[in-house]
Structure formats: C-alpha cells, structure tokens
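Asker: As a plain string of letters, each chain reads:
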Amino acid sequence: MIRYLCFPAFLLIWEFLSRFKLINPIFFPPFTTIVTTVVDMISSGELWLHLKISLARALSGLFIASLAGVPLGILLGGYAKKLELLLELPLEVLSQLNPFLLFHIIILFMGIGEPPKVTIVAWTCLWPITFSTMTGVSQVNPSLIKSGRAFGLRGLSLITKIVLPASAAQIFAGLRLGLGYSMFMLIAAEMMGASSGLGWLVLNSQENFQLNNMYAGVLVIALAGLVLDGLVWLPLKLWPQLAPREAVNTAGD
Amino acid sequence: MIEQHSTKGELAATPIEAQNLLSGPAVPPSKQQPEPLLRQFMGWYGIIGFLIIWQLAPMLGLCDPLFIPPPTTIGADALSLVSRGDLFIHAATSAQRALLGLVAALAVAIPLAIFLSGWLPRFTRFINPLLSLLASINPFALFPLFILLFGVGELAKFAIIFWSSLFPVLTATINGVGGVNPLLVKTAKSMGASRATIFRKVVIPASLPSLLVGLRMGATTAFLFLIAAEMLAANAGLGWLVHNSAMNNYIPRIYVGVVTIALMGLLLSFLIDRLEAVVLGYKEEVKTN
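Top line first, the protein sequences correspond to chains H and A.
According to the numbering used here, the first sequence holds residues 1 to 253 in order.
According to the numbering used here, the second sequence holds residues 1 to 289 in order.
Looking at chain A on its own, in the form it has when it is part of the complex (with noise of 0.2 Å):
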C-alpha cells in the first residue's frame, strides 16, 4: 500500500512541453525550460513562503496561536529540548527501533524470496496469491494480535515494524528475481557459466533495481509503523514524545516530534537516493519524451 510514493519518481520526469502547451501561447523554446538551479530555488521559495505564512498567520490573529503555533515557537521549544539532550535520546530511540526492524526484514525477506524464486519457482507461484493476501492484511488490524502474543515491550514492537516492512521487500524481490530476462541467464549459460556464476554475475545485478525498490518500501514502511507502534506503547521515542504531548496539551512540542520525524525520514530517502546512484550507476537515465 505504499506504492503511492513510487509515483514521486515519474513526476521528476515530466514532460515541459506539454504543460506550457496547455498554459497558453506558445512561448520561444529557450525560455520555456527553465535552469535547473531555478528549478531547484523555486521550490525552496514555496518552502520558504510556507514557513512565512505559517509565521505570520498567528502572528496577525488569523489562526488561534494555541493551536498552530508560529515556527519560531516551536524552534525556541526544540532548541530547548536539544539543550536537555531529550530530543536526541527520544530519535535515537526512534531510530534504533525502525532500523533493528528494517534490518531484520532484509536479512529474512532478501535470502527467502532468492531462495524461493530461484530455486522454488513453481512453489512460488504456487504461495504468490498467498504471500499478497497475507501482505495486503492491514497490520493495524494485527496489531492487538502482537500485543497477545508479545505482550507491550520492545518485542511487540519489533515484531510490528519487522512484520509491515517484512512483505514489501518480499514482494519486490521476488519479483525482481523472477523477472530477470530469461535470454541472459541463456546467454551466460551457452557462454559455459556454473549456476553460482549466473546467480553472482547475471540474477544479483539484474534484480538490484527491484531490490532497491523493496529496500525503499520498507523502509516507509518501518518509518509509519514505528510512530503508532510507540504510540501504543513506550516510554521514550518520538511517537511517544508527540504522544505524551498531545495528552499534556503542550502543543508547540506536538509540532517538534512532527517536524523531527519528517526529518529523519527525508534524511533516510536521501540516502537510499544516494545508495541507488552508487549502485545503479551504470543505467543511463532514459528519456522517453
């Protein structure tokens, strides 16, 4: 169900003509597609004209400042929790559950879905149906089942974060390793290549771009689940930090745990951009348009 931030990637890719096409008379062709440094700016005036008006609007009375703070505010509130050193203890908790989670999926799902679709491939078409029944279970709703079983602590948790980002990794690696392009393990098999050698030279690299979706899926995944598992249960961590606020009515430090889990999440889909760029260097970019 997290798809939905796949389609980020083609929205990078749109096409410029079509859309001065549609917003009027044509324009010369050199000023219809502006520098990318403009692009890049652009969007960080819409930022910056965001947190403006975000200032302003309590600052001027038309929002009750109660309820949205101005961002000074909720700045002056984080400093002052960065002083204590709780931020950082309430994110490196946060972070250390999402990554322990996550870690423990890849070890699980990468190894099994290899296994299955590479030496299995009749089973796996056989418990396909079955894998996306059990993928598409809301883990929300399993969440009183982990508790049961569990009990509140940090293994509930676990158990949570492992479970919801358990499946999307599964799926894309499957599906990456069962698409591989039949003609090149032929070829590398004419060409006299033992099975390890075609798994470590032709079944790895090929499926890597689906692998490296998994990974992504996941980790949004771990990242969402996290928040409500600690809102369920725990006594530190940022979903229990904008918890414990919202019980308190202390609305400014709401509004720290928002932004900080925003944060971290940015932070780690631009790492995993950086990971893909390292490892998928060697595919052009297409230009279909």
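Just chain H, same shape as in the assembly (with noise of 0.2 Å):
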C-alpha cells in the first residue's frame, strides 16, 4: 500500500512548487485549481459530453476490430497455414505503416465525420488483435485438438469446444492491448480533425489559452486511459482462465 503513497507526494510538491510560484502558475496551475476545473465542467454537463463522445469513438473502433481481428488471427493462425505464409509479410508491412499518415488517406475515402476516427482506431487495434490471436491459437496444445477430433469435433464446434478456450488468455492479452490503443489513436484524431470529444477538448483549450481547461481534459484522459485498463479487473475475475500464464523473465535467465 506504501508504494501508492508516491502519488499524493507527488501532487503536494507538484502543488507547493504552484503555490509558490516556483514553476510558472500560468503553465503549471495547482493541481487543486485543475481539480476544482474538472468539478466545474462535469457540473455544467460539458466534459460528459466529450467523454461520451471518445469513449462512444474508441470502443466502436474496437469492437469493429475485435470483430475482424479475432476470426482473421483464428484462420491464418490455426486453419490456413499457406495463407498465412503468404500474408504474413504483407500484413506486417501494413502493421507498421503509420497510423497518422494513413489517416490523411481514409479521410480521402470518408471525408471528416465520424467514420475516419472510427477506422483510424479499428485500423490500430486490429493488429495487436490479429497478431495475439494467431499466436495463441497456433500455441493450442496439439493433443488436446486430438482429443477433440476423437471425440468427433468437427468445423466450428471445434473452434467453440476446443481452440478458443485454449487460446482465450492470448485473444484476451491482444484485446487489452486494443483497447489501450484505441484511446490513445482517438485522441490523436480528434486532435487531427474533430469538433467534439477530449482530444479536440485539449486541443481547444490551448488555442483559447484557457490552461485549466486543458490540463482538465489531459487529466480526464489519463483517469479514463487508467480506469478502462482497471474495467479489465472484472472479467478476470469472472473467468480467471483469461489470466496470462505465467510470465516469462527474460532479464534474469
């Protein structure tokens, strides 16, 4: 519990430095004034807003992802092996390619409403997903897919029955990879080109110099990025095969 202490230490200086002026108050406001903003703007309705909004964007984009990226990563990880030989330098490729650069070229295709933010995030979260799942189901215990065909498992009660459960702690791993992604793509985007939503809400407020406001949205985002990480909690709690195995330790070997 003691090392949690480091947080409140770190805003009493952070607001002692402020207070002082030791660190320029107009760039660095106390933290209290920042969190007097945050109470300000969720009373006047404004930040549930653009937290509805971004959380609407980012978790659409993954859900589409998850979507494509899992039964994607179950074909070329556990049925078409020369496909995927034959793919996975090409996918590869595109999973590197940079995710800003290639938002100038959905915006070709989709102009700049809602659906350019929304692939831009499923574009960023399809590979963390795609590439988790080919990994675990290739890393499905052979025997236990023999045991599955021996007792007559055919197509996809084979899928259900055996491969995914088998690889669901990998499939997990890549979705919360995903989801982190996909909330910091979305603030990239609405950054890039939104009129609504925290990343515009960030943006904004610098232009306008309103500083609090600003450090209120970059606040907001580092709480939601921490809570949505922390949501994990519960279906790990609810089906504790999801855990990762036990972690390799490659420093100490």
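Hints were generated in silico from the structure; no laboratory data involved.
Do not rely on the hints blindly, as some may be mistaken.
To be verified - Computed footprint of chain A on chain H; a stretch qualifies when at least three of its residues, placed anywhere within it, have a C-beta under 8 Å from a C-beta of chain A:
| no. | segment |
| --- | --- |
| 1 | 84-91 |
| 2 | 182-190 |
Claimed, not checked - Which chain H residues stay away from chain A? Per the calculated CB distances, all over 12 Å, these:
| no. | residue |
| --- | --- |
| 3 | Lys21 |
| 4 | Trp48 |
| 5 | Ile105 |
| 6 | Pro235 |
In this text, a Cβ means the ideal position worked out from N, Cα and C, and glycines have one as well.
Join the two chains, each given in its own frame, into one complex according to the hints.
Answerer: Here is the structure:
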C-alpha cells in the first residue's frame, strides 16, 4: 500500500511549487485548481458530453477491430497454413504503417465526419488483436485438438469447444492491448480534425489559452485510460482462465 | 503502449505441428515443415501479389485511380522527387529529428534507470507507480503543453520525441536492472568481486536483453511521434511532406511519404535486429515446443 504514497507526494510537490510560484503558475496551475475546473466542467455537463463521444468512438473502433481480428487470427493461426505464410510479411508491413499518415488517406475516402475516426481506431487495434489471436491459436496444445477430433468434434464445434477456450488468454491479452491503443489513437484523431471529444477539448483549450481546461482534459484522458484498463479486472475475476499464463522473466536467466 | 509489436517475436516461433492438426488430415512429417527458403519466398510472393492487385485494381477501374493511384504512378512521383533531391532532404530531416530525440532519451534514461534501480532500489519501488502513470499518459494529450512551453520550432518537436521515447526505455531498463537474478550477484559477491566489477560483469550483461527491448520500443515510439510532431508544425520532413500533399490534394505524393517512412522504420528495425544478434549472440535460442 505504501508504494501508492508516491501519488499524493507528487501532487503535494506540484501544488507547493505552483502555489509558491517556483514554477510558472500560468503554465502549471496548482493541482487543486485543475480539480476545481474538472468539477466545474462536470457540473456544467460539458465534460460528460465530450467523454461520452470519445468513449463511443474508441469502443466502436475496438469492437469493429475485434470482430475482424479474432476470426482473421483464428483463420491464419490455425487453419490456413499456406495463406499465413503468404500473408505474414504483407500483414507485418501493413501493421507497421504509420497510422497518422494513413489518417490522411482515410480522410480522402471517408471525409471528415465520424467514420474516419472510428476507422483509424479500428485499424490500429486490428493488429495487436490479430497477431495475439494468431499466436494463441497456433500454440494450442496439439493433444487437445487430437482428443477433440477423436471425440468427433469438427469445424465450428472444434473452434468453440477447444480452440477458443485454449487460446482465450492470448486473445484477451490482444483485446487488452487494443483497448489501450484505441484511446491512444482516438485522442490523436480528435486532435487532427474534430469538433468534439476529449482530444478536441484539450487542443481547443490550448488554442484559446484556457490552460485550466486543458489540464482538466489531460487529467480526464489519463483517468479514463486508467479506468478502462482497470475494468479489465472484471472479466479476469469472472473467468480466471483469461489471466495471462506465468510470465517469463527474460532478464534473470 | 507500443508493446504490441513484441507479439511479432512470438509469431516467428509458431509451432507448425499444431497448425497442421487443425487444417486437416495428417501429412507425412517430411511435408509438414516447409523449407525456410520457401517460407521466405512465400512472404515475398505475398508482397508481390499485393502490389499486382494494387496495380491492376485502378487500371481495371475497380477503384478510383485518383484516390488509389497504381504503384507505377507513385514510383514515378518518387523518382521525380529523388532526382530533384527533395525526398532525400525530407528523409534526412526526419531521420535527424527522430535520432536526436531517441539518442537524448537513451542518454538520459539508461544512466538514470541504472542509478535508480542499482543504488536506490527502495526509492525506485516507491516512485515506480508514478513512473508508470506518467508513461501511460497519452503524449498527444500533452502536445498542446509542449507547444505552450517550447513554441512551434525544433525544440518542441525534440521535446515531444524525447518525452515519448524516454518512458519505454526507462521502464525497460529499470525492470532489467531490477530483475537481475540475485543468485548471479551473490555468486559474484562470494567470489570477492567488487561493486564495480559486479556491475560491469554481471548486472550490465544480465540486463542487456531488457535494454534492447527498451531501445526497440523507444525507436518505434520516436518514429511514431516524429510524424505526429511534423504534422503539427514544420516546413520540412516526411510528416510535413504527407501533410502538405494532403492539403494540396496531391495524392500520389501522400503515398510516397507513407512508403518512405515505412521503409525507414523497417530499416531501423533491421539495424536493431542486427545489433541484437551481435550483442546477444551468446544466447542460444530455446525451443519450448
């Protein structure tokens, strides 16, 4: 528990430095001022509005990515060996493409409304989900599959009874990475062209020199990321088999 | 957040056996494992096939050649840029920015992390949650702050790249130095090694793998944020080239920029691979399956 004392310590130092003008309080307002701003923005409903829009964009992008990525990963990781060999290199190149640059190309096709933002989030989340699923499915213990076949499982029933449960931990790890990525890219997309959402709120506050609002936005983005990652706790509690297997310490060997 | 790319390493170690069990009736073992050479060629066939489809689709009118120009058009534009020397200027500007930020981040993070976890392990455990919080703050959310503090010149771009690649390196090095097997340290100590010797002969070699992971993650991050920073405000660099071409609706040049940056990223990752092979040559690959 004592290790979390560093947060209050950090905030106290910040508050102190700013209150006593040891750092410029215009650029670094005291933490309590930022909290007051957040509370003001909550009570005026402004914050909730932007948070709702941002979360909807991020989660729908993640949802689309998992709808595409998990089946693709199962197909490439377990069923189409030749196809995997053929597509591995192109997919790797595609996954390395810089998402900020792709954003310009996506805008060409989709205009500047909601679709390009959801698309860029989905594109970024697609790769961790696909690659983790591929790894998970290809590492399923062969004797499990042999037993399944021996008991007469075929096709879809083999996937749902054997392959998915056995690779659930890896798929879940991919989804978790995707969740982190979704918020990350979303903020970038909202800064590059939007008129609502948390990323826009931060950029717009900076352009209008409302630094308290800007810091409030940064704080809310950080908290939203932490809360989203914390929510992962719930499925882990309900289905313990989703927990990552024993982590390998590569440093100590 | 850039950790996703580490999954690729695991992909290489795909157990082929399991896949064939799924994909159908048993095949004689001699045919199960394709030659490594074929494996490589298959990947290249994939790339070539992709390029052919890309070339044919606009030519046959399956998609609008204005929005998806065929690779030959893009190549022609790239050639004209190269012959005027423009592409080289932009690529060199971008590479310089990315490397400067990355090298500065390495120069700060590695000594700091070694100092923190080697000399102040209790303090490091104390501030570790704070470091991971700072690392998880979206650097984009901090962009406006960097612009306020450093203006829109080179300094702001440097600060953005430095900040965003600092944390992956710092975290990986702290984990590496903190995770050195105590048995190794104790063994060296019992043989009478001094503190400096232990550091040089045990701690550094044992934490090299994590250091390299940090280097790779830092390099990826530096490239990612370089482009973002150049789009905010610049008058040269590949990010600016793409942004400017998009604003002027000169579409083939967008693709030239995208491909050049991808190639630079691949080159960097290849160089780090080579470095890894040289530095970690003593480590034999362990087959787990």
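Asker: Each of the hints needs a verdict: does it hold here or not?
Answerer: Against the structure, the hints:
{"no.": "1", "hint": "84-91", "in the structure": "holds (count 7)"}
{"no.": "2", "hint": "182-190", "in the structure": "holds (count 4)"}
{"no.": "3", "hint": "Lys21", "in the structure": "holds (17 Å)"}
{"no.": "4", "hint": "Trp48", "in the structure": "holds (18 Å)"}
{"no.": "5", "hint": "Ile105", "in the structure": "violated (6 Å)"}
{"no.": "6", "hint": "Pro235", "in the structure": "holds (20 Å)"}
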